[in-house]
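> Single-letter residue listing:
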Amino acid sequence: MVAQNIAFGIIAAIMVVGALRVVTVNNVVHAALWLVLVLAGAAAQYVLLTAEFVAVTQVLVYIGAVMVLFLFGTMLTRAQLGKEKLLNNPTWYLGIPASLLLLGVMIMALTSSFGDEKLPTDSELVSTQAISDQIFGPYLLPFWALSFVLLVAVIGAIVLARKD
Amino acid sequence: MLVNQFLILAAVLFCIGVYGVIARRNAVMVLMSIELILNSVNINFLAFALRNGSVDGHVFALYIIAVAAAEVGVGLALVLLVYRNRKSIALDELSEMKG
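Residue numbers (the working numbering), protein chains in the order written: chain A, 1 to 164; chain B, 1 to 99.
In short, the hints are calculated from the structure, not lab data.
Among the hints, erroneous ones may be present.
Claimed, not checked - Computed beta-carbon distance windows for the label pairs:
| hint | chain 1 | residue 1 | chain 2 | residue 2 | range |
| --- | --- | --- | --- | --- | --- |
| 1 | B | Asn52 | A | Met75 | 42 to 48 Å |
| 2 | B | Ser88 | A | Val154 | 22 to 28 Å |
| 3 | A | Gly115 | B | Glu93 | 44 to 50 Å |
| 4 | B | Asn85 | A | Val105 | 21 to 27 Å |
| 5 | B | Met97 | A | Glu52 | 43 to 49 Å |
| 6 | A | Val17 | B | Met97 | 36 to 42 Å |
| 7 | B | Glu93 | A | Ile155 | 27 to 33 Å |
| 8 | B | Leu81 | A | Asp122 | 51 to 57 Å |
| 9 | A | Ala109 | B | Asn52 | 17 to 23 Å |
| 10 | B | Asn52 | A | Trp144 | 33 to 39 Å |
| 11 | B | Leu2 | A | Leu150 | 34 to 40 Å |
As the list claims (entries may be wrong) - Residues from chain A that face chain B, not an exhaustive set, calculated with beta carbons under 8 Å:
| hint | residue |
| --- | --- |
| 12 | Val2 |
| 13 | Ala3 |
| 14 | Val29 |
| 15 | His30 |
| 16 | Gln45 |
| 17 | Leu49 |
| 18 | Ala65 |
| 19 | Val66 |
| 20 | Leu69 |
| 21 | Leu86 |
| 22 | Leu102 |
| 23 | Ser123 |
| 24 | Glu124 |
| 25 | Leu125 |
| 26 | Gln134 |
Quick reminder that beta carbons are idealized off the backbone N, C-alpha and C, glycines included.
Just chain A, same shape as in the assembly (with noise of 0.2 Å):
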């Protein structure tokens, strides 16, 4: 246990600064590199979960796909690579007390809500046969619906960019 919460504390350290870096970096490209610490981070967590196919899922579709599609975004709609002064807004500022408010908020809900509320710790792994028995049985119909999003997104995707 001791040796899970050593992992949860480092990898959280790391996703918070990483997440951090993403909002407040003054080069897009060094953004993405610190968005793709993050979801790794995020993935890291999800194994401490309990849930290593949804962390496959996140490093194959997020680092993977994802990071590629920011980065191909970077590159065509910006000249140069280099730093960039005008990525925030004039009253970017404003940001600091509207998070800061929100997370006391949430911070104070879970803490009255959960309290010292421990995780079960003699869970095993989550089989990626559960997974797949419950997509293709109780959520057939959002899973049908999520191919149309998906089959509409990529037809809108390929409409919206083309050159003509």
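Chain B: place on chain A using the hints.
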């Protein structure tokens, strides 16, 4: 491991993402902040799946990952279109619909 350590980590990431959405001017950076928010939601889903001993949270996390991929695809296509028309992706310059 406490339930709360995962939930509070997710809350911190969520708030950092909200700050990014508010503070950033570049459309690609706003999309990255939205990815942070979606990831924090996924951590919550998996923490509750472990707490309740159920697989439903995993299914929802997978669906969120798929929807996020679709969202990034369409979002970056929109950003590309805006850039092609205006040579800029600064969000505060898109004010044609202001009354």
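> Now tell me if each hint is right for this structure.
Hints versus structure:
no. : hint                              : result
1   : B:Asn52 with A:Met75: 42 to 48 Å  : holds, 43 Å
2   : B:Ser88 with A:Val154: 22 to 28 Å : holds, 27 Å
3   : A:Gly115 with B:Glu93: 44 to 50 Å : holds, 48 Å
4   : B:Asn85 with A:Val105: 21 to 27 Å : violated, 40 Å
5   : B:Met97 with A:Glu52: 43 to 49 Å  : holds, 46 Å
6   : A:Val17 with B:Met97: 36 to 42 Å  : holds, 38 Å
7   : B:Glu93 with A:Ile155: 27 to 33 Å : holds, 28 Å
8   : B:Leu81 with A:Asp122: 51 to 57 Å : holds, 52 Å
9   : A:Ala109 with B:Asn52: 17 to 23 Å : holds, 19 Å
10  : B:Asn52 with A:Trp144: 33 to 39 Å : violated, 26 Å
11  : B:Leu2 with A:Leu150: 34 to 40 Å  : holds, 36 Å
12  : Val2                              : violated, 10 Å
13  : Ala3                              : violated, 11 Å
14  : Val29                             : violated, 10 Å
15  : His30                             : violated, 11 Å
16  : Gln45                             : holds, 6 Å
17  : Leu49                             : holds, 4 Å
18  : Ala65                             : holds, 6 Å
19  : Val66                             : holds, 5 Å
20  : Leu69                             : holds, 5 Å
21  : Leu86                             : holds, 6 Å
22  : Leu102                            : holds, 5 Å
23  : Ser123                            : holds, 6 Å
24  : Glu124                            : violated, 11 Å
25  : Leu125                            : violated, 11 Å
26  : Gln134                            : holds, 5 Å
Hints 4, 10, 12, 13, 14, 15, 24 and 25 from the earlier list are contradicted by this structure; the remaining hints agree with it.
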